[in-house]
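Novice: Both chains come to you apart, so use the hints to assemble them.
If you read the protein sequences in the order shown, they are chains A and B. The opening residue of the first sequence carries number 0 in numbering that gives the first Met the number 0; numbering runs sequentially from there. The opening residue of the second sequence carries number 0 in numbering that gives the first Met the number 0; numbering runs sequentially from there.
Any given hint might turn out to be false.
Stretch by stretch, here's where chain A covers chain B in the computed footprint (C-beta under 8 angstroms, at least three residues) [what the hints assert, rightly or not]:
| id | region |
| --- | --- |
| 1 | 104 to 111 |
| 2 | 194 to 201 |
| 3 | 204 to 215 |
No wet-lab data here; the hints were simulated from the structure. From the three backbone atoms N, C-alpha and C, an ideal C-beta is built for every residue, glycine too.
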Amino acid sequence: MEQDYLEFLHITKRFPGVTALDDVSMSVRRGEIHALVGENGAGKSTLMNILGGNLQPNEGELRLDGQPVKIASPIDAYDKGIGFVHQESNLLENLSVYENVFLGRERVLPLGRTDRKGMCREILECCQRLGYQLEPEKPVAELNLAERQSVEIVRALLGRPRILILDEPTAALAEDEVARLFRIVRELRQEGVSVLYISHRLDEIMELADRVTVLKDGRLVGTLEREELDKDRMVSMMVGRVIEDIYPDRSQVQFGQELLRVEGLTIPGKLEQVSFSVRAGEIVGLGGLEGQGQRTAVRAIFGDQRFSQGSISVEDTPLKSGGIAGRIRSGVAYVTHDRRGEGLVLTQSIRKNSSLAALRRLCTPLGVMKEGEERAQVGKQMELLQIKASSMEELVSHLSGGNQQKVMLARWLMTRPRVLIIDEPTKGIDIGARMSIYQIIHQLTQAGIGILMLTSDMVELIGLSDRTLVFYEGRIVKELSRSEITEERVMKAASGMTEE
Amino acid sequence: MSHNSLLNRSRGAASLQPLVLLAIIVVMIAAQAILVPGSLTVEQLLIISRQASALGIITLGQAAVILVGGIDLSVGATVMMVNIFCISAMQGSDANGPVGLLVCLLIGLGIGAVNAFGVLFLKIAPFVMTLCTTTICEGICYVYTQGSPTGSAAPFIRALGTGRLFGIPYSTLIWLALAAAMWAVLRFTALGRRLYAVGGSPRAARLSGIANVRVVAGAYIFCALMSTVAGLILTGYHNIASLTLAGDYSMNSLAAALIGGNAIEGGRGGVWGVVLGSFFMMLLMAILTMMGISQVGKLIIQGCIILAVVAAQQLWKKD
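Same shape as in the complex, but just chain B (with noise of 0.2 angstroms):
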């Protein structure tokens, strides 16, 4: 009996991880409002929304690829490719659209293509071959733009990543319905069954009769298009193209995907705990800037408090 009780404290921990983490969001908005009385309204929560969401799409990409084994590190230089050619090929005017996105479709599907080649017949390390393809695409970008990229984004790139719907910001209603799809293909398709058999035991997965080579294929580009989607919210929503736009995407869509209660080896994870992970570090950046900490200190206090989390998630699995 002892035995049994022990399953199921083990079964229910893992689904509990959103849990925990939605209570510590509860708890940091809580913080907020204490903190900085009268700054926490609907209208600052929607913001941080609409701030997380490019985060929020590229982390459900990474989790797809974290969940079959892979990792992604090339999801940062995919936005900023996809920021500077859909600029230039759309040079303001939204008669150019169609091409651009066309544009932006393909290096999308070429990025995780050539990933999937690299990590699945060259049988080279995820780690690695991501890292490649990141270094070659920075370099395409800064000769591309010789450095100093210009140019603005078609009205209706522009109105993507600005434009409301009901109040509601239209790349957090993208963001929460390509989540709410991923959600529906995990939970009731056999191709959700099979993303977590590959990533659980590739070997029981193969013996089964499923296409590992498929699967994993199709999740490396399905992070790529999710990176492609993110890259058009963030050209929309800054209007420019720039080298330095896409960040530290790359670092902050693994942590996401891990703080959501993604297992990095595989086979284990959701979609929720992965949308509240974006907004957790949204949030922890947004409450950090109105305490009006500097920069530098933002980073340690962020490194600092997803260290405790990581921690408290890992305590509370052993327990």
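Chain A with its partners taken away, still in its complex shape (with noise of 0.2 angstroms):
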């Protein structure tokens, strides 16, 4: 029991840009749950997809059983003994259940036919062994969150692993649901399966976990036994920092006027009378599980979703129609979650991506560019934000995600918002940028900018807002004070729980 099953040695992994992973080494034993933990970007996922065949390391070597391995892809992966449920759904929609299951390695008849019934038998057999209740024939586009991942589950044992990846399992899943899967991870533990367990959820942690691992900005910091175990000892390891010491001091902040004003904001099935202000140098956290329409409620107020009900308003001026451009010119910049999608157009340099948006601003009536005033604007932009680039026609594909995300916030600047919606502002980048990029929100809180921030990462949420907003099924179900957020208040009501 207690012999290494899988080591990684020294693993490192570099993106353009960023060192995901940085020489870290860790090993995991036959018949063991073993936790990775650390923030958003820490590098678990990295590392898991490594394992998975999704990625090759840069430096370093995997062990399985004393031998080094390469896994080549996915697919080898699989056939290696290694079965990853994902965090984000893999399946294809449109093929049914059994299609998904035995995607890439169907069972074969005579002639070539498709053996659909027996791929059928096998799936029902582990769902009753699991206690799913899944119709292998169904297609996946009918199934919810929860039944997409028991789908993914059974895909992973029929393939009999040796070890499991698990990586934000129970984000979807309901409270019996979570049960129901700790039942069958602990199974698995006795079957002498190594499952590998990413989560958030601390308590989680507590319960189940041997072992556990914590990276942090890609490094390890360690692994934790069984009997060491202590909730706190986990976050100071992961965090690494006291909060303060990244997030700006914003105790002598002064809030001014209200700049937006959202009432009653409705869309049938997505939001449920949504009602919000924020004011002049204030920062609004909008927090929540992914999907609970805060996304969809920013995208209504940047005029990119039509909503049917309620009312949005800027510095006591009601938006009508006009879309995106009538949003901009009263004020509202976004700055997207999806940076490279639908951020940054790529094949253009800083300058060009950084004037996008206030291309009215930068040209005479006839629509001939100031090429002048642009470049001095984008130079301050530059100075200011402090990008680093060889000069302003830099293609912005060769920055790093850091740079490139200040671009975006060069580019909404340029429009001279009064309210500046930023989705997940510090998605993917290293922690240096993420402290400059706080910085700067910060000093525009103070000078005048009301900021409506988006983020899925709880200690940025908790760090940075003045007041914080929790999403639940479309509707603000919390609203918490600087004083008064806690990560534990902001879970309960992310998940739906009333405080007693």
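Specialist: Right, here's the structure in full:
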């Protein structure tokens, strides 16, 4: 039982502009539940993707049962007995359950026919053992999140894995579903399967894990044995610094008049009676689990999403139609969470990306660009935001994540916004750039801008927000001031629990 | 530091592409002088430029569509329709000129608008949509002429196709003037910025407050209008209504735009590369003709040489 079955030795993985894993070594025993914890961006998923064959390390090696192995692809991982249940469903929606489960390894009868009955039977047997109720012939599109996850678990288990990776498996599950999952995980341990368990929920880890490995900023902090497990200890290892260190001190900030007012915002099935306001100089954080309506709400405010009821006003002027361009003119700006997909024009320079939302301000009535003024303004923003680049003509695709995010901020600051919406301000950027972005946001509020921030990073939400609104199923279920906020209260509200 | 030099090289490659093409053209002209002694004159180059002007003007339009991430296969059909209806409306007389021009303008606007509508509102793939427009326009031309078009162009249209100013063909001048205008728009105006942004990342452009629909529709309509101008020039030059005159303009304009360094996925490219690309295509045809190579042989050699140029550019880019 005490034998190391899987070993990671000196794993380093670099992406352009960021080192995701830096010399990480850890080992997993046969038949143990080994939890992997750390903040967002600590490198947990990267490490698991290396084990799952999705990524290749730049340096270091993996050993299985003492033998060095190279895992070339997800199929290779599956064949080597590594099952991976992803955080986000990896299923093909228009195929049925059994087609997904057996994708790429269909059971075949003579004459090349697929053995539909045999495959369905295998799935049903597995479901029975696990306590799932799945119809193998049902299209995945008709399943809810929990059912989709059970499909993934069935797929992983049918490969008779020696190692099972579960990446945030409980994020979409209700309480009884969580209990069932825990039972399954414990049974697997009995059978000698090594379970790698990634989670943000420390209570779960205390309950389930045999050992815990903590990662931070791509480095190994340490591995705790069962008897050493302690929540506070894990938190301090994960954060590694006192919160005040990386977040600006906002105790002295004064708020001004109300800038943004949202009243009764309703989109059937997505948002229900959402009302709140943002004052000048204030940072309002929107928290909650993924997909509870926070993003829909800010997209509606930004004119990207129609709403059936409610009103939005900026500085007491109601925003009517006019779409995104109209919102920009009214002083609303939106920094997207998907920097590369819908933020930057990757084929273009810093200069052209920065001025994209402010073209109207930077051209004559006939539409001729005032390039001198453009250069001056972009130069000013680059200096203010400390964008590191050889010149403003450098392509944004060559910048690091942090500098790309600053170019996004530059674009929106050039529109001279009153209200700045920032969706995931520091997603995928290293710690240095994060601190500098927090500082920038702090300075913007001192200049009287109101900030509306969406983040899935709990520590960021708590560290930065003056006021936090927690979303659950399209409604704001909790409002917490800076003095009231704790991780636990946010988590409770986010999972629909009411406080006693 | 090695990272930096890499940046500079990849940035340089894009702007170098037209220069590489220019060098290839110079080499080809030198080869012509050696292969067919005495054939290289200023007059001959002017004639090639006149022959290239129709393709060149169409390619400007095609380049605008490619820039916003689309493709327009209906440029040849637009030329055909303009040719047939221009001659039919003018009946060889200048007096009918305004009516004829109005008809051509409506044809251009109509085809561009239909393409834009299909692509933007019906969400049909540009390739399919413009292919449908092509088939419909060709069908209309066949039905209208019953397969045997007749008539000739009005004198002023003839002058447009064959006349010269200070020895330079009008059509060459129109081509270069349009190219210069398009270059100025792309280089100096907010509209130019929007075109590149929409082509580079439609979602980013939209979230920056750009009306993508207007920009893309504008590109298709501009392309159809360029084809209309080319159709008038060709009508004037050939002075006949013909169902075959439009030839392979759709494919050749695509080839010329891509040879000129415009990226098929949109968002990248310029005007002068496209101008050189069109000239290159016509020069190649002219040299092969001078060398007495048969029509079929010309097509094979043309295909091979275009392949070589594009492959060379790809290798250069990856270097």
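Novice: A separate judgement is required for each hint: does it hold in the structure or not?
Specialist: Checked hints:
| no. | hint | in the structure |
| --- | --- | --- |
| 1 | 104 to 111 | violated (count 0) |
| 2 | 194 to 201 | holds (count 4) |
| 3 | 204 to 215 | holds (count 7) |
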